[in-house]
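Below are the chains, spelled out letter by letter.
Number of protein chains: 2
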Amino acid sequence: MFESAELGHKLDKKTYDKTVPKLRADLLDVQYEVLQAKRFPIIILINGVEGAGKGETVNLLSEWMDPRHIETHAFPVSSDEERERPPMWRFWQTLPPKGKIGIFFGNWYTDAVVQRVLGNTKTVTFDKQLSEIKRFEKMLADEGALILKFWFHLSKPDQKTRLKELEKDPKTRWRVTDDDWRRFKQYDRYMDVSEHALRTTSQGHAPWIVVAGKNPRYRSVEVATTLLESLKKRLKWKGDKTSRINAAAMLHAIDHTNLLNALDLSKKIARKKYDEQLELWQGKLNLLSRHARFKDHSLILLFEGNDAAGKGGSIRRITQALDARQYQIVPVAAPTEDERAQPYLWRFWRHVPRHGRITIFDRSWYGRVLVERVEGYCSEADWMRAYGEINDFEDQLTAAGAIIVKFWLTISQEEQLRRFKEREKTRFKRFKITAEDWRNRKKWPLYEAAICDMVDRTSTEIAPWTLVEANDKNYGRIKILKTICERLETAIKGKS
Amino acid sequence: MFESAELGHKLDKKTYDKTVPKLRADLLDVQYEVLQAKRFPIIILINGVEGAGKGETVNLLSEWMDPRHIETHAFPVSSDEERERPPMWRFWQTLPPKGKIGIFFGNWYTDAVVQRVLGNTKTVTFDKQLSEIKRFEKMLADEGALILKFWFHLSKPDQKTRLKELEKDPKTRWRVTDDDWRRFKQYDRYMDVSEHALRTTSQGHAPWIVVAGKNPRYRSVEVATTLLESLKKRLKWKGDKTSRINAAAMLHAIDHTNLLNALDLSKKIARKKYDEQLELWQGKLNLLSRHARFKDHSLILLFEGNDAAGKGGSIRRITQALDARQYQIVPVAAPTEDERAQPYLWRFWRHVPRHGRITIFDRSWYGRVLVERVEGYCSEADWMRAYGEINDFEDQLTAAGAIIVKFWLTISQEEQLRRFKEREKTRFKRFKITAEDWRNRKKWPLYEAAICDMVDRTSTEIAPWTLVEANDKNYGRIKILKTICERLETAIKGKS
Chain A
1 MFESAELGHK LDKKTYDKTV PKLRADLLDV QYEVLQAKRF PIIILINGVE GAGKGETVNL
61 LSEWMDPRHI ETHAFPVSSD EERERPPMWR FWQTLPPKGK IGIFFGNWYT DAVVQRVLGN
121 TKTVTFDKQL SEIKRFEKML ADEGALILKF WFHLSKPDQK TRLKELEKDP KTRWRVTDDD
181 WRRFKQYDRY MDVSEHALRT TSQGHAPWIV VAGKNPRYRS VEVATTLLES LKKRLKWKGD
241 KTSRINAAAM LHAIDHTNLL NALDLSKKIA RKKYDEQLEL WQGKLNLLSR HARFKDHSLI
301 LLFEGNDAAG KGGSIRRITQ ALDARQYQIV PVAAPTEDER AQPYLWRFWR HVPRHGRITI
361 FDRSWYGRVL VERVEGYCSE ADWMRAYGEI NDFEDQLTAA GAIIVKFWLT ISQEEQLRRF
421 KEREKTRFKR FKITAEDWRN RKKWPLYEAA ICDMVDRTST EIAPWTLVEA NDKNYGRIKI
481 LKTICERLET AIKGKS
Chain B
1 MFESAELGHK LDKKTYDKTV PKLRADLLDV QYEVLQAKRF PIIILINGVE GAGKGETVNL
61 LSEWMDPRHI ETHAFPVSSD EERERPPMWR FWQTLPPKGK IGIFFGNWYT DAVVQRVLGN
121 TKTVTFDKQL SEIKRFEKML ADEGALILKF WFHLSKPDQK TRLKELEKDP KTRWRVTDDD
181 WRRFKQYDRY MDVSEHALRT TSQGHAPWIV VAGKNPRYRS VEVATTLLES LKKRLKWKGD
241 KTSRINAAAM LHAIDHTNLL NALDLSKKIA RKKYDEQLEL WQGKLNLLSR HARFKDHSLI
301 LLFEGNDAAG KGGSIRRITQ ALDARQYQIV PVAAPTEDER AQPYLWRFWR HVPRHGRITI
361 FDRSWYGRVL VERVEGYCSE ADWMRAYGEI NDFEDQLTAA GAIIVKFWLT ISQEEQLRRF
421 KEREKTRFKR FKITAEDWRN RKKWPLYEAA ICDMVDRTST EIAPWTLVEA NDKNYGRIKI
481 LKTICERLET AIKGKS
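Order-wise, the sequence lines are chains A and B. Residue numbering for the first sequence follows the working numbering, starting at 1 and increasing by one per position. Residue numbering for the second sequence follows the working numbering, starting at 1 and increasing by one per position.
Since the hints were derived computationally from the structure, they do not count as laboratory data. There's no promise every hint is true.
Copies of the same chain look alike in the list, so a pair counts if it works inside one copy or between any two.
As the list claims (entries may be wrong) - Derived SDA-like pairs: lysine to any residue, alpha-carbon spacing no greater than 20 Å straight-line:
| hint | residue 1 | residue 2 |
| --- | --- | --- |
| 1 | Lys425 | Arg39 |
| 2 | Lys134 | His205 |
| 3 | Lys268 | Val371 |
| 4 | Lys128 | Val113 |
| 5 | Lys98 | Ser62 |
Here chain A stands alone, though its shape is the one from the complex (with noise of 0.2 Å):
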């Protein structure tokens, strides 16, 4: 989930200046309209790890828009009149009304996420406050409530260098307590937590948005943009009521980083190298495949990539290593009639392989956020509401011992055209490339960001992404044989 934010994401002072006074004026006059519409109330949530730039960006906030019209919350220890009400209470108290922004610094999930770190409560008793919190905003959003829910984000490294260099400076050094460097040793720990968190309350109406915030100016201008870009897309809505969409607008990044182009294509494998790594790692697959502690698991390998990007190559290379028998590759092209005639899982549920099988899935699920997203084939609630449904068929599977491992293949749009060239001049391999292929190049930038929006929503602890640099084929290949022998080692040794 912390993905793109620990690209180290960054705005120059130049850009920043040339950006802030049109972004402060535009938020200041979307602001008064909001307050003239009194349609909605927007809630925002603020939380992270210290050291982010929480307090700085609500801060900032107020300082750009009308303060008078934002209500900022922050919520100590519960007083005596708090205690004896439900804990809601004082967060209904607190709710801005239609047309006014609340900052809501500190909130529902503060207490929960920190009693689960702490030890306090167990994953039970969490996940039921976390439930109670998706019924609360689901309640919020229906009343017409925009719910735009901010995660501050920092790399463990980078939260080190924050606290120091605050302690450093004699103007800030008693921002940082002893408490702040104990609650750094759980940094993990923290980490663990709140991702569980936030991938189970990230759903179609309340998306958490993950800041980066390592840059000041980098991180100021995103939530002042996504914030903005949200505002106008609300206001903009008309129709039903309940057709409504909610949601945060999803913004590119503002600096053009992201996860693909930050990936090195240039990463090469030598011909020799791979030919010894391809028998290395085959016959780990294949003696792991055989293992008796397998039979508890199932496997399930996932492949997505940019067409051409090398996904049947790659899958022929697993297949080589296992017993024909154990494995079934399932390729996944446009629905069937009977498939259309079913909610879109349902498809890929008929190929939930059982124990001690390995399906292998020539793109997937994933279809309904990439190319459904892209090509307006379903609606924007539907795609939104898939992150939430997937990670929750994905949690599934793994309670039910399936190990997931998730493959984007990346090549270059350069590589890419070299491929497409190449197969319309080869006879064998003409049949490989389409009209639709090369329509789909055109949207190059709109999969892009699908992509990233993808990762970024479903990786998770118990199914995460690999990201593979595939302009090399042999590279890739090696990377994906490599990634699937360690994800098995891991599930079948952990269980010793």
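Since the structure of chain A is already known, use the hints to place chain B on it.
Here is chain B on its own, set in the frame of chain A:
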């Protein structure tokens, strides 16, 4: 939740014979229309107690419609194949395609409820399963399915009688096993668990429909009519996907027996007895309100009722027994501008009492499913989701120590007319009667349906409704005082 189903609904043979031919013909017609339209699948769940006619009803539906387009599924003990995949896998395999009807006789609720009754799962696990089920049904509804969840109910004595009947008849003796009697001994526990399941999984897009299972003619016509009307309603629906009302049609009782007209409004109390009882219960209430253990609780009294049913007088009889510093009366009228700018529950959250205190609501949050529903102040989707939101609200209150006592005061139409006329004559009472009261009177049948739905859907183990026969004001007042004292006593003594 089972109030209406225990009213002894029945249908005489003559009415039945007159009703059925048209009902069958209509059902068959609409089945073909649905089949040809191929717009949505119909998922019918059949749950409930043994002997309440689940099997018979399923057979009847297959007989009355074209069975080639109905798929009936039962789910015995899981196979190997099934156990090695997620629990939901077997249900996915059997989902009906668009245009077809799938009857799930035994389904995703069955195992969760049984395991909880047997004590093999804890409450938290059970709640987790229920929230997984909710997500699954939400996804089905979002994907377009029409979901009808029938719960076949029998009271405890009725189930006993039914099992004995079946045992006596040599033709049906085989149907009653030792298991059935063992389960019968667990009736109360089974009902507690089931009520909890029904309450938490009854959602706007997939509400439970409780079927009175005793009278075969009644239940057959009830289920078939609900199915027919729900199909017709859904076929008629045009417009965009997300504003669809998936829910089942909510019907008036077909034998015109309902919770309200089943009340004996002739109940009376003699003047002398009244004076004695008033002193007795007011004294008790006063003691209880000053009880040391009440300091860990709060008391919420909620009054709804027909216009002129005597809410004000009843409330005065309560406050006479209390210290004025301890309670607050909240009269609820049309929402103010501030209140309209917030979610509808907001104005009630403001008045949630702290421990040791009492809040009396003269009308309440139930306005959402009464006046707002009947007068069309909110959409069907809004009031349908309100039942769940209200149960959620009361759940939170109870968990924080509140004792919630809810009264519906019923008077007959004649008695209301008498009181209206009297009020118009009596000078100091004239402010109490308005043109609106006369208008409301004309919508009596619509209000009656709304009240019955309200009681059935929000009378829960934690916050049950008490229906008060209020034609005789004094009788009603004593019943109210007594109910409050008893609820308070149980809550306080329960902690000793």
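Comparing the hints with the structure gives:
1. Lys425 <-> Arg39: For Lys425 and Arg39, the Cα distance exceeds 20 Å both inside one copy (59 Å) and across copies (45 Å).
2. Lys134 <-> His205: both (10 Å within a copy, 17 Å between copies)
3. Lys268 <-> Val371: Neither: 29 Å inside a copy, 71 Å across copies.
4. Lys128 <-> Val113: both (12 Å within a copy, 18 Å between copies)
5. Lys98 <-> Ser62: For Lys98 and Ser62, the Cα distance is within 20 Å only inside one copy (18 Å; across copies 51 Å).
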